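Chemist: Produce the entire structure from the sequences given, and follow the hints as far as they go.
Just so you know, we're using the numbering used here here: the sequence shown kicks off at 1 and counts up by one.
For the record, the hints were derived by calculation from the structure and aren't laboratory data.
Bear in mind that the values here come from a model prediction, so they are computed numbers and not experimental data.
Ideal Cβ positions, reconstructed from N, Cα and C, are used throughout, including at glycine.
The reader is advised that the hints may include incorrect statements.
[What the hints assert, rightly or not] So the derived label-pair ranges between C-beta atoms look like this: (1) Val187 with Ala144: 20 to 30 Å; (2) Arg78 with Lys221: 41 to 51 Å; (3) Ile59 with Gly30: 37 to 47 Å.
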Amino acid sequence: MTQDYIALRTFFAYVFAIIGVAEGLREWRGYSVEFTRKFIHIAVGMWAYGTVLLFERRIFAIIPPLSFVFINAFSYWRGTFKAMETGEKGQLGTVYFPISFVALVWLFWGRPHLLVASLMPMTWGDALAAVLGRQIGRRRYTVAGSTRSLEGSAVMFLVGWVATVVSLVLLTPVSMDLGAAAGIAAVTALVATVVEALSPWGIDNLTVPVVSALVLVLMVK
1 MTQDYIALRT
11 FFAYVFAIIG
21 VAEGLREWRG
31 YSVEFTRKFI
41 HIAVGMWAYG
51 TVLLFERRIF
61 AIIPPLSFVF
71 INAFSYWRGT
81 FKAMETGEKG
91 QLGTVYFPIS
101 FVALVWLFWG
111 RPHLLVASLM
121 PMTWGDALAA
131 VLGRQIGRRR
141 YTVAGSTRSL
151 EGSAVMFLVG
161 WVATVVSLVL
171 LTPVSMDLGA
181 AAGIAAVTAL
191 VATVVEALSP
201 WGIDNLTVPV
211 VSALVLVLMV
221 K
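Modeler: As structure tokens, this is what we get:
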């Protein structure tokens, strides 16, 4: 149990440091809120590794993401952390993502490779797709009122694929062949990219991790 308390302290120090850095980038360096939101998004998503490596008990492991469901909801309501709020009404992605995190920790505790891999397409793919898609996106399409670019979707697939491969290779209990991991990750990233394209108003923070988890459960023995 002492290890779990250490892990909790580590998490809150880590996340509030990340938020502090993001606020600094926004306030003093002039970075856009879209960039700082994704910076925080990636950092929080990468805590999946901290979850499986540092915590000993599931009940403690869900405390960090569960607490940020409420912290982020409060920030959305009051605009507390401006580095992660767009100011758009109904844009609850920062609340939905920790909800997904909580669900996956609870369901996949004891299967760390699936827990982390399920979060990687959303953590890396979605974040870089948004940032790079705005810069290089030329071929745009609109689904359910949300506009994206083909270039951004391609970034999501490629980056999500790489991040998922890494998590499967590093964390699968029985050593997984790189080719098998690459194939499983490619299917997962492709489905995640399609789901993200069809999900409006930040709900992709729920749908992408859940569907990624389903694909991985079906494909990984």
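Chemist: Confirm or reject each hint.
Modeler: Against the structure, the hints:
At roughly 24 Å, the beta-carbon separation of valine 187 and alanine 144 lies within the given 20 to 30 Å, and the hint holds. Between arginine 78 and lysine 221 the beta carbons are some 46 Å apart, a value that agrees with the proposed interval 41 to 51 Å. With their beta carbons about 42 Å apart, isoleucine 59 and glycine 30 fall inside the hinted range of 37 to 47 Å.
The structure is consistent with each of the numbered hints, conforming to all of them.
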